[in-house]
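Heads up: the sequence lines are chains A and B, in that order.
FYI, the numbering for the first sequence is 1 to 357, going by the UniProt record's numbering.
FYI, the numbering for the second sequence is 1 to 234, going by the UniProt record's numbering.
Rather than coming from a laboratory, the hints here were simulated on the basis of the structure.
Please note that a few of the clues may not be correct.
One-sided excerpt, in silico: chain A residues whose CB lies under 7 Å from chain B [stated by the list, open to error]:
# : residue
1 : L203
2 : P207
3 : T210
4 : E219
5 : A220
6 : A224
7 : G226
8 : R228
Straight line, CA to CA, 30 Å or less: simulated BS3-like cross-link-like pairs of lysine-lysine [stated by the list, open to error]:
#  : chain 1 : residue 1 : chain 2 : residue 2
9  : B       : K196      : A       : K117
10 : A       : K13       : B       : K124
11 : A       : K117      : B       : K104
12 : A       : K13       : B       : K78
13 : B       : K129      : B       : K196
14 : B       : K223      : B       : K196
15 : B       : K124      : B       : K162
16 : A       : K353      : B       : K129
17 : B       : K124      : A       : K353
18 : A       : K13       : B       : K162
Where is the CB? At the ideal position from N, CA and C, for every residue including glycine.
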Amino acid sequence: MTEQNSTGALIVKITVLTIGAALLFAPFLFQDVRSLEVAARICVFVVLVASYDLLIGYTGIVSFAHTMFFGFGAYGAAIALKQMGPGWDAVMVGGLAGMLVSLIVAVAIGLLSLRVKAIFFAMITLAVASVVLVLASQLSDFTGGEDGITYRAPQLFKTATKLAVDEDGKVLRLFGVKLNGKLAAYYFVFATSLALFVLMFRLVGSPLGTVLKAIRENEARAEAIGYRVVSYRTFVFCIAALAASLAGTIYAIWLKYTGPDTMLSFSIMIDILLMVVIGGMGTMWGAVIGAVLMVLAQYYLRDLMGAAAEATSNLPILPELLNPDRWLLWLGIIFILLVYFFPRGIAGTIMQKGIAK
Amino acid sequence: MTLLTLNAMQTNIEQYAVLHDVTLTVPEGGVFVLLGRNGAGKTTTLRSIMGLWRPSPGSVTFRGEDISALHTAEVARKGIAYVPENMGVFGGLTIEENLILATKTGKFDTARLNRIYGLFPALKTFWGKQAWSLSGGQKQMLAVARAIIEPRDLILIDEPTKGLAPSIIDAMADAFREISETTTILLVEQNFHFAKSLGRDMAVIDDGRIAHTGSMADFAADKALQDQLLSLSA
Numbered sequence: 001m002t003e004q005n006s007t008g009a010l011i012v013k014i015t016v017l018t019i020g021a022a023l024l025f026a027p028f029l030f031q032d033v034r035s036l037e038v039a040a041r042i043c044v045f046v047v048l049v050a051s052y053d054l055l056i057g058y059t060g061i062v063s064f065a066h067t068m069f070f071g072f073g074a075y076g077a078a079i080a081l082k083q084m085g086p087g088w089d090a091v092m093v094g095g096l097a098g099m100l101v102s103l104i105v106a107v108a109i110g111l112l113s114l115r116v117k118a119i120f121f122a123m124i125t126l127a128v129a130s131v132v133l134v135l136a137s138q139l140s141d142f143t144g145g146e147d148g149i150t151y152r153a154p155q156l157f158k159t160a161t162k163l164a165v166d167e168d169g170k171v172l173r174l175f176g177v178k179l180n181g182k183l184a185a186y187y188f189v190f191a192t193s194l195a196l197f198v199l200m201f202r203l204v205g206s207p208l209g210t211v212l213k214a215i216r217e218n219e220a221r222a223e224a225i226g227y228r229v230v231s232y233r234t235f236v237f238c239i240a241a242l243a244a245s246l247a248g249t250i251y252a253i254w255l256k257y258t259g260p261d262t263m264l265s266f267s268i269m270i271d272i273l274l275m276v277v278i279g280g281m282g283t284m285w286g287a288v289i290g291a292v293l294m295v296l297a298q299y300y301l302r303d304l305m306g307a308a309a310e311a312t313s314n315l316p317i318l319p320e321l322l323n324p325d326r327w328l329l330w331l332g333i334i335f336i337l338l339v340y341f342f343p344r345g346i347a348g349t350i351m352q353k354g355i356a357k
Numbered sequence: 001m002t003l004l005t006l007n008a009m010q011t012n013i014e015q016y017a018v019l020h021d022v023t024l025t026v027p028e029g030g031v032f033v034l035l036g037r038n039g040a041g042k043t044t045t046l047r048s049i050m051g052l053w054r055p056s057p058g059s060v061t062f063r064g065e066d067i068s069a070l071h072t073a074e075v076a077r078k079g080i081a082y083v084p085e086n087m088g089v090f091g092g093l094t095i096e097e098n099l100i101l102a103t104k105t106g107k108f109d110t111a112r113l114n115r116i117y118g119l120f121p122a123l124k125t126f127w128g129k130q131a132w133s134l135s136g137g138q139k140q141m142l143a144v145a146r147a148i149i150e151p152r153d154l155i156l157i158d159e160p161t162k163g164l165a166p167s168i169i170d171a172m173a174d175a176f177r178e179i180s181e182t183t184t185i186l187l188v189e190q191n192f193h194f195a196k197s198l199g200r201d202m203a204v205i206d207d208g209r210i211a212h213t214g215s216m217a218d219f220a221a222d223k224a225l226q227d228q229l230l231s232l233s234a
């Protein structure tokens, strides 16, 4: 029995499909602004985590420059939308510019650095990403510096845009949800993220994916059967960079704001790394689970702890321990427990269960 | 006809000179056996042919073409397959994935696949299983199968009987005999009984130098030479 058809794999697939359905109907299931923000962030981070998993999980490349590519895509769209105005031409120009810069930098890093040992490659990506972060903060005329850039999204995505109107000319509601530009923007994020995820999913299921897994296991063996490892590693590094760049463009359109903290910071890089580890390295399903759990924790763990602290206010110590300000401590404890009980990540561990030894 | 020539090949691994002067000619067809004591340089010779370690100076000529400067992947594409000592399978991949990796088009040639099933029936039985879960003998079968899933001119096999049960070794010998009818095998082996049953020509490497070449039949008949070149006490 293979990993693909074990009982555990079935559980993971059903879970991910349920998450997909929840994201598809999110505007109707959770009718508040914050929930829609969370759903959109999950969609974007699924792409970002899946593309990072192409590197670390499928090919064994440790890179700290993934948010840099995310930032290139975001800044490309942001600068174009600011300079050219809120049109689709700006989105196209900005998105393509972000992808082009990402591709050039990825090829340069790949060809120059992927021959060196993993730790040195990781350090090189860290150095390049740090330089880009500093540049984004200092080239304020171009990038808006620390304050970032605020701009308008295309007309279709404005909240005031009516996608459908009733007889009185008012925006039509479907199950209580206004059919307006905000809804269009969410489905733009959902559809583009889904398309990118499916593309990456197909990539890892293709013969190329098998080669990548072989390279991850043993580079010398892969070379001995005829594969140029540096070429494949550079190729996958470029694919991951392009996917991250597109994710950045999508998120920039959704947020209508791009700044170093939201698009380029190392805390995002750490988040991506945690999501990959929590979900399970080397499984695209894990990218979905990791992104969902981490984003939900970031948005709702404080609230949950606040409610728990209130509920236990009559007890000693507990309210203090559950103080919402300590949410990062609890996030750390949850992470340690997850790593302990799911050493291959949630999806990886569950999928492994039930496989004949 | 000569298939492979190693000419005054020297290989250094970091600061250590492992091969000092390896000159060897492997004819086309049959099994050529390379014997030698532990640490004599047998594995280094195979890895140097594959370009995994770079011989310098010296050269490797395959079908008259100097391949010493080629990248390992290019050497493999010339039609040379390598079955390393530790079986060299990809544990996280299934048998099917391990084999498909070695195909040129990403598709199986049905006739060759059936031949592999005939040689190693266990691979068909455990087709969808991940390689890490196979027994040592099955892993070795998979490694050899991967080498012959495409037509090759030369297969380098490093100590295929190491750690295997006698019944598996017999099956492996039968398989090598059949494979050698169409493909040349350069076999590195410590199990002299196994090597003797397969080899047509042979060489002995000692301390990084070729110490003897000749026919396997002659070498098998010369007990004194065997003791001199292969015994642990020598």
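Report the numbers of all earlier hints that the structure fails to satisfy, in ascending order.
1, 4, 9, 12, 13 and 18
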